[in-house]
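If you use our numbering, the sequence shown corresponds to residues 1 to 214, in order.
FYI, nobody ran anything at the bench for these hints, they're computed from the structure. Do not take every clue at face value.
Lysine-lysine pairs mimicking DSS-like chemistry, simulated, CA-CA at most 25 angstroms apart [as the list claims (entries may be wrong)]:
1) K51 with K170
2) K195 with K17
3) K117 with K17
Simulated restraints, written as ranges between beta carbons of each label pair [stated by the list, open to error]:
4) V49 with K117: 13 to 21 angstroms
5) D72 with T34: 35 to 43 angstroms
6) E65 with D23: 27 to 35 angstroms
7) E203 with R15: 32 to 40 angstroms
8) E5 with P201: 40 to 48 angstroms
Note that the structure is predicted; figures quoted are calculated from it, not measured. In this text, a Cβ means the ideal position worked out from N, Cα and C, and glycines have one as well.
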Amino acid sequence: MDVFEVMRTQRSVKRFKPDPVSDDDIRTILTAATWAPNGHNAQPWEFIVVKDPAVKKRLADIYREGLQFLLDHPLRMGRTEVDERTFEKVMIKKSVYLRNHLEDSPVLIVVAMNLAKHNLPRYGVLKAIRTEAVYTSIMPCVQNLMLTARSLGIGTCLTTALNILEEDAKIALGMPEETQIIALIPLGYPADDFKRVTRIPAEEFTHWDGWQGA
1 MDVFEVMRTQ
11 RSVKRFKPDP
21 VSDDDIRTIL
31 TAATWAPNGH
41 NAQPWEFIVV
51 KDPAVKKRLA
61 DIYREGLQFL
71 LDHPLRMGRT
81 EVDERTFEKV
91 MIKKSVYLRN
101 HLEDSPVLIV
111 VAMNLAKHNL
121 PRYGVLKAIR
131 TEAVYTSIMP
141 CVQNLMLTAR
151 SLGIGTCLTT
161 ALNILEEDAK
171 IALGMPEETQ
181 IIALIPLGYP
191 ADDFKRVTRI
201 PAEEFTHWDG
211 WQGA
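Build out the structure end to end from the sequences listed, making use of the hints.
And the structure:
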């Protein structure tokens, strides 16, 4: 597929067919993910491929507990506090199917960062630098993963609710201390056709040689 068409039809897929995804395709997807640019070529990513139904069920339970935690605690969007009804309408209901059926995804991929590969301070003022290094190294990898999956006709959805109860998830997966969960990505053949995304024109977000306009 043309790379622009891949990007134009890269949507969050939450409903999957029960068809299995082959290990060869998973390896192809993860290999492409590792081609992403990353800080100092540290290549600090780790991938946990979950196909075992019992493990998927445990992760799905933690995912749901994380979403419930958000419901139980007030949030702020900008300067406005978001009440439970608004939060449930805006954020939870959009993910209700995935929340209830995450374990039905043929594959779950946990993308993690091996912090030992980033030789940066764990505490103090420079901790923020370490945190930024983590995300700037991992997000291009995640994008490669998702775009490659799309090129193979496989759908994905980037989720982070598992991170809310990260320690529980790490215990369930037997992950060492020096790792950090970045994302959980369900993966499978979509139940519906891929469709082109609609976006606000880039011109409305673009500033030349400095910030112009409101």
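Evaluated hints:
no.: 1; hint: K51 with K170; in the structure: 16 angstroms, holds
no.: 2; hint: K195 with K17; in the structure: 17 angstroms, holds
no.: 3; hint: K117 with K17; in the structure: 37 angstroms, violated
no.: 4; hint: V49 with K117: 13 to 21 angstroms; in the structure: 20 angstroms, holds
no.: 5; hint: D72 with T34: 35 to 43 angstroms; in the structure: 38 angstroms, holds
no.: 6; hint: E65 with D23: 27 to 35 angstroms; in the structure: 30 angstroms, holds
no.: 7; hint: E203 with R15: 32 to 40 angstroms; in the structure: 33 angstroms, holds
no.: 8; hint: E5 with P201: 40 to 48 angstroms; in the structure: 19 angstroms, violated
In this structure, the hints that do not hold are numbers 3 and 8, in rising order.
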